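Chains as they are written, first to last, in my numbering: chain C, 5 to 716; chain R, 279 to 431; chain H, 447 to 883.
Calculated directly from the structure, the hints in this document are not laboratory data.
Remember, predicted model here, so these are calculated numbers, not experimental data.
Positions of the beta carbon are idealized from the N, C-alpha and C atoms, including for glycine.
Some hints here could point you the wrong way.
Derived contacts from chain R toward chain H, CB cut-off under 7 Å, selection only [claimed, not checked]:
no., residue
1, P380
2, A393
3, C400
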Amino acid sequence: MTDLVRVTVDEREVHVPKGTGIVETALAAGIEIPVFCYEPRLGEGIGACRMCIVEIEGIPKLQTACTTTATDGMVVKTARTSKKASVGQNATLEFILVNHPLDCPVCDKGGECPLQDLTFRYGPGNTRMTFEKLTFEKPIPISPAISLDRERCILCYRCTRFSEDVSEDGQLVARNRGAMSVITTFEDEPYSGPFTGNVTELCPVGALLPTQYRFEARPWEIQNVPTVCGMCSVGCNVNATVREGKVKRILSRNHPEIDEGWICDKGRFAFSHTRAADRIVDPIKRVRMHGFEPVSWDDALDEAERLLRAAQGRVVVALSGSETVEQAYAMAKLVRVGTGSHEAMLPEEVTHSLDAYGLPLSAIRDAQVVVVLGDVSVAERAPIVDLWIKAARRNGARVLTELDDHAVRGADRAVLIWSGPGGRGGATVAAHAERLGLAGKEGCGAFYLPETPNGRGAADAWAAASDEEPAETESVGLLIVSGDEAANDPNVRALAEKAESVIAISMFHGLAAGWADLVLPGTSYLERDGTYVNLEGRLQRLRRSAMPPAPDELAWLSQLASRFGVELAPHAPMVFAELSERIYGGLAFGEVGERAPLRGYLGAPAHVEAPPLPEPEAATEGLQLVCYKPLFSGPAVERVDELQFQRPPAEVELARADAQARGIANGATVTVSHNGTSMQLRARIAKDLRKGIVRIAREHAGDLRGTVEVSA
Amino acid sequence: MSLADEIQKVARRYPESKSAILPALRLAQEEYGWLSREAIEEVGEALDLTPAYCMSVASFYDLFNFEPIGRHTIEVCTNVCCGLVNAQAVLESFERELDIAPGETTADGEITLRAVECLGGCSTPTIVAIDQRYRQSVTPEDVPAILEELRNV
Amino acid sequence: MSEALVLGGAEETPLRDLASYRAVGGYAQLLKARAMPPQEVIALLIESNLRGRGGAFFPTGRKASFIPSPEKVAKPIYITVNADESEPGTFKDREIMLRVPHRLVEGCLIAAHAIQSNFVFIYIRGEYSTEYDVLQSAVDEANAAGLLGAVKILVHRGAGAYICGEETALLSSLEGERGQPRSKPPFPAIEGLYAAPTLINNVETITTIPVVLEVGPAEYAQIGAPPDSTGTRLFCLSGNVARPGVYELPHGLTTRHLIEDIGGGVPDGRSLKAVMMGGSSFPVMTPDDLDTKLDANSLGQKGYFIGSGVVCVLDDRTCMVQFALRVGQFYMHESCGKCTPCRVGTRWLVQMLRAVENGTASESDFDLALDVCDRIIGKCLCVLGDSDAMIVASCVTKFRDEFHAHLEHGGCPFGHDSSLDGLFAPSDQHAAHEVVV
Ligand SMILES: Cc1cc2nc3c(=O)[nH]c(=O)nc-3n(C[C@H](O)[C@H](O)[C@H](O)COP(=O)(O)O)c2cc1C
Ligand code: SF4
Ligand code: FES
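Please model the entire structure based on the sequences and the hints provided.
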């Protein structure tokens with residue numbers, strides 16, 4: 005139990021745990037202390053802006069509430085009851101406004117700007133400053149995605165503290181001192197990395213703004229739709245800002261256990277792929293002489309029915325892992341119940357043995373030992389997890405990239421994370437967790453970072469639709485490619501070669517053209533209602549934010565299903581209700597929740613034994629190549645101009661020791677070779693890489709596989 | 279010894295290597311005369327800090343140059359204590375003789391002239407730091423001889 | 447007894463090398479201190495009532511007593527000696543480092559023993575090159591002679607930023623960050639350098655420690671103006687005075703005595719108009735207060751501060767608007783930019799003062815300026831902004847007639863005859879300079 009202390013704020017008494025900040029203490033008493041620079045997620049208060057100034061009995065000088073913590077018997081007077089504090093606060097606002105331009109009418113922040121709000125509430129009514137304001141060139145891009153208006157900047161240092169202390173990229177900094185201080189990057193290089201966009205939300209004024217949103221909407225024209233990001237397996241909670249049926253912006257929607265209010269740049273900026281020029285809006289059919297041509301929905305469904313029947317039970321469905329649970333279930337029911345075909349290509353392996361080690365992601369921050377295995381940068385697979393690991397390290401945790409049994413056993417709270425190939429869907433970490441006795445130990449657990457946002461949910465939904473086993477068949481009558489990620493997968497493409505016919509569900513032209521017989525328009529996660537299961541096993545609710553340009557998957561799947569005598573509702577809540585009875589313990593759609601709790605699988609066994617660990621491979625000559633799917637890759641990212649600069653350069657990452665042993669300097673051009681194939685890439689020495697491993701983004705790896713040699 | 283080695287040697291004297299950023303920037307500036315992009319990147323690399331961070335720190339302090347400067351620097355104190363006893367005449371004399379304004383470098387790249395804040399030598403005004411070494415009690419009349427001396431170095 | 451204690455023995459020639467310092471009894475006090483339990487050394491300092499010479503006049507022994515004992519903390523304990531000396535008009539620490547560097551080293555070692563620290567940083571301002579060389583060689587010599595024992599002394603050079611003299615900014619800078627102050631509490635004694643307990647003292651304070659031991663705390667406490675302003679002080683006399691210099695004098699002599707008798711008065715038959723007292727960070731003194739004694743209490747009663755011992759004389763040729771403006775420009779240039787009132791207020795004040803100087807202000811602007819000063823004082827993160835506001839406000843208040851004359855005259859009534867006329871200010875570092883006066 006923490007000690008409670010008694011504090012009086014503006015004559016109201018509250019009891020708070022000792023050490024609680026005064027801003028929070030006042031809030032507990034129902035009193036708001038205005039702040040600009042203070043943002044608890046950035047660490048301790050720094051007392052820079054002086055907005056939170058209060059009087060504390062016994063201390064002659066005004067104090068900043070954001071840097072003061074509660075002690076027993078403390079008597080705090082905020083600007084509401086202290087003349088001195090209110091003069092101080094008013095002074096702070098006056099000083100802030102001395103250089104702030106009066107361009108609110110053309111500022112994208114206008115209407116949702118803390119400075120505007122606080123000026124209205126506490127500020128001076130007129131200006132006494134009659135001299136020239138400080139002027140700067142405006143706005144300047146600090147990256148293709150973010151623009152900076154230095155005149156509006158109030159130097160609260162939120163953005164630079166985020167860069168230094170949260171994302172730890174150290175790229176956004178203050179330059180010069182005093183009145184001439186400005187926010188900048190090094191030599192005007194673009195601010196890059198997985199998390200840059202967060203500064204646009206942290207900035208309490210209109211200084212840092214997303215370029216995509218420039219002049220796009222005013223606050224009274226928009227709605228913020230609470231939904232979940234569908235770009236990776238973390239499932240950050242977001243608000244989609246919608247104007248006239250179109251998504252204009254993605255904002256974070258703090259889920260303290262999942263994302264703490266941070267989202268990655270893919271989740272933030274990639275939404276505009278929904279408006280890509282090559283978006284498929286009508287079904288298209290292959291026509292012998294003319295290639296492809298659009299067809300009506302009736303014709304499309306006739307064709308789909310024909311192909312399904314012609315396959316005679318030899319249908320295979322390749323899932324992307326980005327389908328909603330409902331979509332995957334609907335597809336499964338159509339194919340499995342309707343045509344008696346039970347074979348699916350799942351986007352990734354799924355195991356239930358990890359369930360016994362489930363934790364909220366935020367538990368990583370509180371761990372003493374975090375072991376990250378698998379050799380793919382966490383930020384590439386599940387970016388927000390990287391921030392939790394960084395937070396753990398700042399809290400004093402040991403973060404290891406090799407499994408040290410002793411360290412794990414010795415820690416009260418240990419977390420294992422698998423990020424990379426060879427994880428067997430989590431079975432590998434589950435086996436280690438089991439071996440190291442983490443089962444049932446509070447604060448201990450294991451995570452597997454899947455490559456797809458809803459691979460687990462899609463697999464479970466597929467399984468729930470029928471108990472039949474796939475029959476042994478030699479040939480594939482029909483391959484259904486569900487989604488662009490599947491369409492992009494070389495294994496799926498290889499199977500398509502063998503299939504007698506192919507139906508593809510795709511958002512974009514070009515992906516399935518040339519090899520599918522029928523292409524049906526796909527939708528984005530922003531256009532769907534439904535649920536996703538994230539990497540924690542948390543069931544979360546997606547809300548339709550934008551209207552899809554064509555009927556969504558559930559709509560036409562239900563129609564098609566009825567042609568096969570299968571009853572399937574066209575709406576997510578009803579599909580969910582049916583499915584929920586089978587795997588989610590009857591949980592109602594409406595109860596999934598705005599800020600979903602980590603429920604675990606209702607009715608799931610408490611423990612599923614993890615499959616045994618594979619024998620360690622014999623030490624190999626050369627370097628083990630790990631190819632990874634970069635965060636900034638994929639069909640959506642490729643269609644967003646503002647993200648192109650973030651795509652990985654043609655690089656090979658090496659451990660320092662391996663580079664030194666080969667006389668390779670950081671940035672040098674090197675040859676990577678394997679079995680006669682070789683490629684030229686730039687070398688980058690990566691601090692987080694184990695000796696003996698090299699890493700290349702999949703799109704730059706060509707045909708390289710397995711063990712490779714790297715030479716200067 | 280390479281600059282990186284030198285920096286790392288200095289860094290080892292501190293409990294935390296980041297503390298060596300000022301000596302490291304100083305070493306880099308001694309090596310190159312000013313803090314070019316490459317110089318800052320070298321400091322960052324040696325101390326495992328981002329170049330942006332190093333630039334941010336360097337730009338906080340007056341003694342670092344972000345543009346090439348002259349072979350010699352002349353810094354005239356123009357704070358009040360020297361000003362009361364005519365530092366401006368000394369500065370003007372340098373301006374006249376060099377034909378440049380404070381903050382500028384002579385066309386031949388020899389001399390950079392600056393006005394600076396109190397140098398801590400107020401009892402012997404005007405204080406002029408020539409290549410970072412103080413000259414005390416400098417008068418306007420001393421200026422030609424000082425320049426003559428510098429040009430012969 | 448000769449008045450010079452801190453500079454004792456170095457009146458004629460500096461005591462730069464170990465041998466010459468030993469010849470005047472150097473390092474004897476270190477041996478004496480090391481023979482005592484640490485707490486006893488702190489007790490001696492408390493008894494002497496030695497107070498900080500860096501500006502805030504905080505009791506040195508008490509500050510040392512705030513440092514937790516090593517058994518109670520899991521971290522090392524540090525000492526940082528503040529040799530950043532950048533307050534306009536201050537040049538005493540430089541004199542100490544050039545003339546008695548070993549006494550400073552001895553003081554460091556005694557302080558290290560008192561608080562059981564093994565790591566002393568001396569943060570010396572970046573512009574002090576010769577001073578650095580002299581000090582570093584004294585440290586090396588002492589080290590070679592085995593005097594340091596387990597203690598490490600690292601002389602760390604700053605890089606040109608007045609704010610780094612502020613103790614928490616100094617710590618930020620020493621940790622490799624931008625030299626911006628930090629909010630207190632926690633105080634450095636509890637959470638200082640690398641979040642470990644840290645004692646921060648001015649060069650003169652530390653150098654006085656061996657003196658206190660030599661003279662004896664009780665005797666030391668009788669020197670000067672007891673009970674509060676004990677001992678001697680290195681006064682920095684400069685400006686329009688015949689014999690400027692550093693004078694080590696006991697506290698409690700009058701300002702007039704220092705300026706007229708010791709400093710030879712205002713030369714050229716001019717008269718004294720004002721004194722920049724304590725440093726540029728404090729209110730200016732007017733001639734009617736010249737008989738105020740140079741000790742903290744006497745000065746305090748009249749609204750002045752002893753600061754870092756600055757006594758800079760302004761004669762009747764000084765335009766006080768130009769003076770306030772030039773001082774204001776200094777603070778604008780040196781503001782670190784972290785907190786709003788200081789970053790914005792210092793610049794705003796410069797703009798207002800420039801308007802007064804140019805004759806474009808109006809009478810009501812004086813009250814606005816005073817109100818802006820008021821809105822800075824006590825609201826900033828550290829006292830840099832307060833300092834600016836204090837001296838500017840004192841000029842506006844005490845020389846309002848002269849400010850007013852600028853309005854009447856449509857510009858500076860001195861024409862070009864003010865001694866500060868045409869003074870340059872390095873306004874934005876690394877960027878443009880401007881003639882502002
Ligand atoms: C803006 C500012 C500048 C300062 N500059 C110095 C300085 O150059 N030297 C110094 O010793 N103290 C300076 N101080 C005072 C220090 O913060 C601190 O009080 C002092 O070093 C403590 O030492 P002392 O107790 O021995 O006086 C400055 C304070 C402020 C607010
Ligand atoms: S850009 Fe915004 S977040 Fe950054 S310092 Fe300025 S006001 Fe603060
Ligand atoms: S919110 Fe406390 S000083 Fe900015």
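Checking hints one by one. Is C400(R) an interface residue toward chain H, by the C-beta closer than 7 Å rule?
holds (4 Å)
Next item in the hint list is P380(R). Is there a CB on chain H closer than 7 Å to its CB?
holds (5 Å)
Interface hint check: A393(R), Cβ to nearest Cβ on chain H, cutoff 7 Å. Holds or violated?
holds (4 Å)
In this structure, none of the earlier numbered hints is contradicted; all agree with it.
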